[in-house]
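K.L.:
Chains as they are written, first to last, in my numbering: chain E, 1 to 216; chain F, 1 to 301.
Simulated from the structure, these hints should not be mistaken for lab results.
Treat each hint with caution, since some may be false.
[As the list claims (entries may be wrong)] Restraint ranges, calculated between C-beta atoms of paired labels, are given here:
1. F:Leu246 x E:Ala133: 48 to 56 Å
2. E:Asp93 x F:Thr274: 36 to 44 Å
3. F:Leu27 x E:Glu72: 20 to 28 Å
4. F:Glu205 x E:Gln202: 28 to 36 Å
5. F:Glu205 x E:Leu128: 26 to 34 Å
6. E:Asp93 x F:Leu180: 31 to 39 Å
Glycine included, C-beta positions come from ideal geometry on N, C-alpha and C.
Residues per chain, in single letters:
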Amino acid sequence: MIQFNQVYKRYPGGHEALKDLSFEITEGEMVYLTGHSGAGKSTLLKLIAAIERPTSGSVLVKGQNIRSIKREAIPALRRNIGLIFQDHKLLFDRSAFDNVMLPLQIGGFDHRESAKRARAALDKVGLLAREKANPISLSGGEQQRLCIARAIVNRPAILLADEPTGNLDSDYANEIMHIFKSFHQVGVTLVIATHAENVLTQFPARELHLKQGALL
Amino acid sequence: MSSLIEHLRVLRTTLLRLLLTPNATLLNVLIIGIALSLPVGGYVILKSVQSLTGQLTSTPQISVFIKVGTGTGEVTRIGDKLKQNANIERVDFVPRDVAFKKLQQSTELAEVMGDLSQNPLPDAYIVYPKATDATAMESLRDELKSWSQFDHVQLDSAWVHRLEAVLGFGRLAVAILAGLLSFALIAITFNTIRLQILTRRDEIEVAKLIGATDSFIRRPFLYFGLTQGLLGGIAAWLIVSGSVLLLNHYFGDLTSVYASEFSLLPLSLADSVTLLGFSAYLGWLGAWFSVSQHLWQIEPR
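The whole structure should be built from the sequences, with the hints applied where relevant.
P.N.:
Put into structure tokens, the structure is as follows:
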């Protein structure tokens, strides 16, 4: 599903974010990306979603090489990837429901079918009662769950989460990890960047540990 | 089907967005409307003047009056000679009796004419030249003037030529104005859309992150430009039509005094459709330039 071969990522200015990474994540696998902040976890996720391109080496996602992917092919790739951001990236000019509708509108789904799916996704993360709320009125945990609902609403094959429990207390964190676990059970490939020890011990899975851009 | 619904959804959002900032929208629409109404108004004036000259004789002709007292045989011979001239297309004969009767019937001069015991009018030929440009007409007139049998040679339509030249100048001026103000309309839309893209940066970024294609992101901006252009066109139509009504009301008083029939023609259906279509297209074009220019600069990081 996801394959890294001798991947280097150097940012303009000379900072080397990733060094000689080679690993594979198979379909339906759940993997943690661990390491201190600045170790390259976010950069690695950005490479998978084609937000950044590797400086050298190859990144294969569902058979497509991110290093040489055409600009026009990126939207189709991203529709297969659910992105969950640390800063949520929600839109505050519309309701929670409309935020979740956005990927479906982009995908060109029928409106009635979309509405049904959006409500199902909101229900899944426990926010159905708040569908009309503006995201700015939601708590941090609720915003994170709304971001998850938006990421899963068009049923992507891959979910990428960057510190999804980052600034949440442990109850919220557990709740979110349970949601992820249920996706894992239905065959979604999950890559979760985290440095929360309690998460790693309570929900064990393979760990890719990064240190200064290199795999340990 | 779902794509039609999608287009309708975008159109609805666009209209809501226009209504959300009523002052800015009104201002933009007015600026576009005023800018467009200038060349359109010029066009209306040109068309009205042109139709005025159309009512009058627009085929250039030369009238030649034969000396009074010339015999019938001689008059016929002159006619044949005129017909043989290589520069002349066609010749109409106006016998003095016919001209006299016509004059008696047609004008206020009838009373004066009725008192005349005999016909003072000469026989005349109306000559239609082959070449109708001013120089050819003038040289033909000079040639005919040199004939001894003619009392008077009159080039009737010199003023039509002059008016045509003025109209041609007017048409060029309107075309230049239209070109410049079309450019202004594109520039106005370009800037409006640029500001919109800047204020909606987050939305564009998020949309790109969750797999929106360029055309999906571009669409609402193009619709916005199109709608704004169309509204501007409607404003221009209202400005021009209102002005025509107002001016015609005033002309009505003025022209009844001078017994003339001049009035400004309202915009025809075809002209109106062209105006609205063109303004909508220009709005779309301005938006397209703006989006092409600015959208690629927004990439998620």
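K.L.:
Could you run down the list of hints and mark each one as holding or not?
P.N.:
Results for each hint:
1. Taking the beta carbon of each, Leu246 of chain F and Ala133 of chain E are about 53 Å apart, inside 48 to 56 Å as hinted.
2. For Asp93 of chain E and Thr274 of chain F, the hinted distance range of 36 to 44 Å is satisfied, since their beta carbons lie about 37 Å from each other.
3. Judged by the Cβ atoms, the range 20 to 28 Å given for Leu27 of chain F and Glu72 of chain E is violated: they are separated by roughly 38 Å.
4. At about 34 Å, the beta-carbon gap between Glu205 of chain F and Gln202 of chain E stays in the expected band of 28 to 36 Å.
5. Take Glu205 of chain F and Leu128 of chain E: their Cβ atoms lie about 27 Å apart, and the range 26 to 34 Å holds.
6. Between Asp93 of chain E and Leu180 of chain F the beta carbons are some 37 Å apart, a value that agrees with the proposed interval 31 to 39 Å.
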